[in-house]
Structures are given as C-alpha cells and as structure tokens.
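Enquirer: Respectively, the protein sequence lines represent chains A and B. Going by our numbering, the first residue of the first sequence is number 1, and it counts up by one from there. Going by our numbering, the first residue of the second sequence is number 1001, and it counts up by one from there.
Fair warning: there could be bad hints in the mix.
[To be verified] When the alpha-carbon atoms are kept at most 27 Å apart in a straight line, the in silico DSSO-like pairs for lysine-lysine are as follows:
| hint | chain 1 | residue 1 | chain 2 | residue 2 |
| --- | --- | --- | --- | --- |
| 1 | A | Lys135 | A | Lys177 |
| 2 | B | Lys1089 | A | Lys277 |
| 3 | B | Lys1082 | B | Lys1182 |
| 4 | A | Lys177 | B | Lys1015 |
| 5 | A | Lys135 | A | Lys219 |
| 6 | A | Lys177 | B | Lys1082 |
| 7 | B | Lys1141 | B | Lys1182 |
| 8 | A | Lys219 | A | Lys177 |
| 9 | B | Lys1140 | B | Lys1082 |
| 10 | B | Lys1141 | B | Lys1089 |
| 11 | B | Lys1140 | A | Lys277 |
| 12 | A | Lys177 | B | Lys1089 |
| 13 | A | Lys277 | A | Lys219 |
| 14 | A | Lys219 | A | Lys90 |
| 15 | B | Lys1082 | B | Lys1141 |
| 16 | A | Lys177 | A | Lys277 |
| 17 | A | Lys277 | B | Lys1141 |
| 18 | B | Lys1140 | B | Lys1089 |
These are computed hints drawn from the structure, not numbers from a lab.
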Amino acid sequence: MSVSFQLVHAKPNRITTIALSWMLFAAGIGLYFYAAQKRHQENPEDRIMPTVSQMFHGMTNATTNPAEDDEALPENASLRQRLFASMLWKDTVATSRRFIYSILLLIPAVLLGLHMGLFPYVGVFFLRFILFFDKIVALSLLPILFIVFGIDELSKIMLIVIGVTPTIMLDTFNLTKGVPNEQIVKAFTLGASDFDVAYRVVMRQIMPRVLNSIRLNLKAVMLFLFAGEMIASTDGLAYRIALLRRHMGMDVIIPYVLWVALLLFLVDFAMRFANRKLHPWFQEA
Amino acid sequence: MALIEIQNLSVAYGKPSRPILTNIDLSIREGEFVCVLGQTGCGKSTLLKMILGAEMPTRGRILIDGVQHNQPDRTRGYVPQKYSLFPDKTVLDNIAFGPEVSEFNMFTRFTPRYFRRRRDIRDEAMRYISRIGLHQRDAKKYPHQLSGGMQQRVAIAQALMTCPRILLMDEAFSALDPGTRKDMQRLIRQLWRDTGFTVLFVTHNTQEALHLGSRVIVLAKESDEAGAQVAMDMSVPEPCHEQQIPVLVHHLERASGSARAPEPVFATA
Chain A
1 MSVSFQLVHA KPNRITTIAL SWMLFAAGIG LYFYAAQKRH QENPEDRIMP
51 TVSQMFHGMT NATTNPAEDD EALPENASLR QRLFASMLWK DTVATSRRFI
101 YSILLLIPAV LLGLHMGLFP YVGVFFLRFI LFFDKIVALS LLPILFIVFG
151 IDELSKIMLI VIGVTPTIML DTFNLTKGVP NEQIVKAFTL GASDFDVAYR
201 VVMRQIMPRV LNSIRLNLKA VMLFLFAGEM IASTDGLAYR IALLRRHMGM
251 DVIIPYVLWV ALLLFLVDFA MRFANRKLHP WFQEA
Chain B
1001 MALIEIQNLS VAYGKPSRPI LTNIDLSIRE GEFVCVLGQT GCGKSTLLKM
1051 ILGAEMPTRG RILIDGVQHN QPDRTRGYVP QKYSLFPDKT VLDNIAFGPE
1101 VSEFNMFTRF TPRYFRRRRD IRDEAMRYIS RIGLHQRDAK KYPHQLSGGM
1151 QQRVAIAQAL MTCPRILLMD EAFSALDPGT RKDMQRLIRQ LWRDTGFTVL
1201 FVTHNTQEAL HLGSRVIVLA KESDEAGAQV AMDMSVPEPC HEQQIPVLVH
1251 HLERASGSAR APEPVFATA
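Between the sequences and the hints, there should be enough to build the whole structure, so can you do that?
Expert: As structure tokens, this is what we get:
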C-alpha cells in the first residue's frame, strides 16, 4: 500500500497549523538565548547579546527615567509621572508626531492622483513630471533638504513626502484609471456633474484600494522617517537607536526595534480594521 | 421630427485607421423600441456609444431632438452589460443616486430642502424596487450580494428614476440565464409600454431582438476591411406571431451575415 504525501492538497489540522506557524518564532528566540548564554559564560560583561534580565533592566530604565540627566524627576514622583517623562515615551511621541504629519500629507497626494486620473488636463500636466520625480532616490536629496530646510522637523517630513507621495499619487492615478468606464458614463447619464463623478463615484470606489496602498507604503514612510531621525535629530525612536549604538546599548536597542515593529503592526491592523468597517461592500479581488 | 437623427455617421479606430461604421443614416422616432442586431465586432456597441456621447464619431453627426451632445447626460439613460451599478452604494442609494445628484449640487446638498426632497426620492426609489420585482429588504443590500438578473433590474430602475427620454441598453441581458432573460424582457417591455420612452437595445441575439423590438436594425459588414452599414431596417409587426419568428430569424441572420459565407441557419421553434 502506498501512502502518498499530499502537497498541494494537504490540509493541515488546527493544532499543526498553530504549531507550525509559531515554530520559527520559538526557534529564533531559543537560538538567541542559547547564543547569549554561551557568550555570557565566556564573558559575563558581554554587551553584544544581552540576556533577558539585562534587557528588562534596560527597558525598566527607559520607561521610568528621562533620557537627559537635567530632566531628572524627584525621588517621590509617581509611576504615571515617570512614565510620561520617560525616554521611551518621549521618543515614541516624537516619532509618532512626524509619522502622523507624513500620513496627513498623503491626503493631498491621493486627491492629486484622483484628479490626474480623471481630468485629462490635470493628468497631462503632472504625469510626466511625477514619473520622473518618482525615480529620484529620495535619500540622495537629504543633504539638499538639510541645506534648504535646515535640520529641524521640516526637512525630515519633506524627506518622507518626497519619498512616498509620488508612489501614492501614481498608484491612485492607476486605480482611478482602473474604474470601469461604464461607471463614469452611467453617472453622467444620471445627471451627475464632473465633481459628483470625481468624489461620489470614483473616489468612493477606489478608497479601500488606496488605503491598502498606503498600508503597503507604511514601511517606506518609516524607512524615510528613520533615516531622517538617525542623521539629524535630538529625539525619536531611531535617534535613540543610533545614539545607543555608540554605547553598544543592545539591552535597549533590541527592545526598541521590537517596539517599533509592534507599533507599525498595530497601525497596519487598525487601518485594515477601519477599511473593513468603512467599506463593507469591498470585495478583495 | 425624429428624436434621434444619425446623419452620415462614420467611425474609424486606430492607426492605420480601421473603419468600424461607414455612412450610417438613421432616424428614430419618439417611443420606438429599436433593437440593433449584428454579429460580434460589427460595431453595434460603437453606434450606441456614439449616441451616448461617450465617444465622438470620425465623420457625420448625431442629433438628439435637434441638438448635438458632446458628452453623456440626462437625456439618455444607459444600462450596460456589466458594471452598471455603483458597488459602494446600496440598492436604494443606487436607485436614488440619479435624482439626488441631478437636482442638488455639492453646496445645496446641505440645505433643509435637500433633506425634505430626499425623503420623497427614497419613497419613489422604494416604489421602483417593488415594481422591478425586488423585496423591500433588498433595499439595503450591496450589488455584489445580488444575482446578475437582480443587478440588471436595479440598473434599469436606476436609469429610469431620472425619466430619460431615451434608454440605451448595451447587451443588457446577454450575461443572464435564459429564464431570467425572459423575465427581464417582459419587464422592460412592460416598462416601455407604461412609460413610452424610446429604447435602443443592442443585442446579438436575433430572437431577443424580435421579441423586444418594434423595429429591428441589422448592422453588417461587406467585408472584413469595410465598416459596418445598415443591412436591414424593418419594423416588427405588432403583435408578432410566434410562428412568424423562425422565418424572421432566418431572414435577419441572412442579412447580418450577408457578406460572409452563408452560415447554416437553424430555425428554432
């Protein structure tokens, strides 16, 4: 009797699915701590691969103490006060603020893409330029941005805008072009004006796909944000990671990296959830 | 005077230009139910798009009630084969869309008058929903939750809400199964009789054309390089006797395949 092992038609059961899907996490964590232990046996002062207790200690420090000594809190400060004055909180707020500004600046980009796709004059005016602009490596503009806008917030936000908005514009443009012509003709035969067609027919239809496109570009937003923060900043998560590298502060760097990943995951999850709730009619193709 | 006047219409596409339609002259009176019949690729949909104003002819012109239109508007309602409903709107919103956008612009949509009028529009939309044979509870459904036949029913109601004088239908029932198709044919005939609008119905199905139309126009090409011309233009006797239909089908299909090798015609009873 030959028992054939199915590949394409395999149906893993629930337990197997759970076990297999967490296996790489377990292996990664296990391997790390095994290696960390090995290194600590050889050199108890090792800073490259901190143990759990070192990272816990590092993070307790980061969540209860301010970054700068001159901001030190009185001894009797409450936990709440300590939390909101802490290094992690201030870095997170600084990075989030820049992130939110950048996301808000994507709204005009979406609107421009929509108008480019729908109104031929707007399209021919912008398309060629944006196709070119899209190919400029945004990071190569960073020195220019620092010279023109100074090294404060504006240059970092401009870097994200320059890096991400062309992609979003072109994507919205393509999505707009992808709306079946029947829909537009139908709207006109029902007495809709050009702007009714733009905002009540086309924009509403492409919105879920635009949100998905923004979700895909969240990583690019973070990439440019981190590049800006690492090179010129005095606060922010990436600034801290870059700063701690000089002190080999892996006990804080590793939790910071995981914290950033968690935050980004939550933003993405919230957007996916909102997308489903706002557009119950949307059928993922 | 004719409602739709097509004068010496020619259309060519592409480079080098390939003629689609050549020298079409037609006049359609108010209240006619015209079926445009022809083989796939003979340009019948192109003719409809020209009347719709979605595309411009290479030569000639089309007058609607004596006026030339250069983009689609309220005078001509439209029911395509696919993508006729707005996927992001419920059945009720789809049907109410026409009156809402044509009576109010972006600014007057925030006045109390709009909210009063909207209630009337919604009531009328609900009446249409039952008239086209849908349940009241279907009003809150999205198009993707409806079957193909239901979707086309809603599309017809949506087009009729703005009371267009002309209704242009492009293979509107071609994707439906035979049973649903019969129902839809009955529905559109009924609505046409009740309301008296003019219909231009594009189809490749000869039986359908004969069942529906008060007049059948056949478009056919002389050769593959030539554009299509009107090969036959006949009015369908009313009432059209069932036993006459096979003969007429034979007749029409000969006309639509005029230049090609004569295809065997199966007269279906």
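Enquirer: When you check the alpha-carbon spacing of A:Lys277 and B:Lys1141, does it fall within 27 Å?
Expert: With a Cα-Cα distance of about 16 Å, the restraint between A:Lys277 and B:Lys1141 holds, given a limit of 27 Å.
Enquirer: Does the alpha-carbon distance linking B:Lys1141 and B:Lys1089 stay inside the 27 Å limit?
Expert: holds (9 Å)
Enquirer: For the pair supplied as a hint, B:Lys1089 and A:Lys277, confirm whether the alpha-carbon distance does not exceed 27 Å.
Expert: holds (14 Å)
Enquirer: Can the restraint linking A:Lys135 and A:Lys177 be considered satisfied, given a maximum Cα separation of 27 Å?
Expert: Answer holds: A:Lys135 to A:Lys177 is near 21 Å, not above 27 Å.
Enquirer: Below or equal to 27 Å on CA atoms is what counts here, so check A:Lys219 against A:Lys90.
Expert: holds (22 Å)
Enquirer: Is B:Lys1140 within 27 Å of B:Lys1082, Cα to Cα?
Expert: holds (21 Å)
Enquirer: Holds or violated: are the alpha carbons of A:Lys177 and B:Lys1089 at most 27 Å from each other?
Expert: holds (20 Å)
Enquirer: Within a Cα-Cα threshold of 27 Å, do A:Lys219 and A:Lys177 meet the stated pairing?
Expert: holds (26 Å)
Enquirer: Is the hinted pair A:Lys177 and B:Lys1015 satisfied, with a Cα-Cα distance of at most 27 Å?
Expert: holds (23 Å)
Enquirer: Would the hint linking A:Lys135 and A:Lys219 be met if the CA-CA limit is 27 Å?
Expert: Roughly 18 Å between the alpha carbons, so the hint for A:Lys135 and A:Lys219 holds.
Enquirer: Hinted pair, alpha-carbon criterion (27 Å max): B:Lys1082, B:Lys1182. Please report holds or violated.
Expert: Since the Cα atoms of B:Lys1082 and B:Lys1182 sit roughly 18 Å apart, the hinted pair holds (cutoff 27 Å).
Enquirer: Would you mind confirming whether the straight-line C-alpha gap from B:Lys1140 to A:Lys277 stays at or under 27 Å?
Expert: Holds, at about 16 Å.
Of the numbered hints stated above, none is contradicted by the structure.
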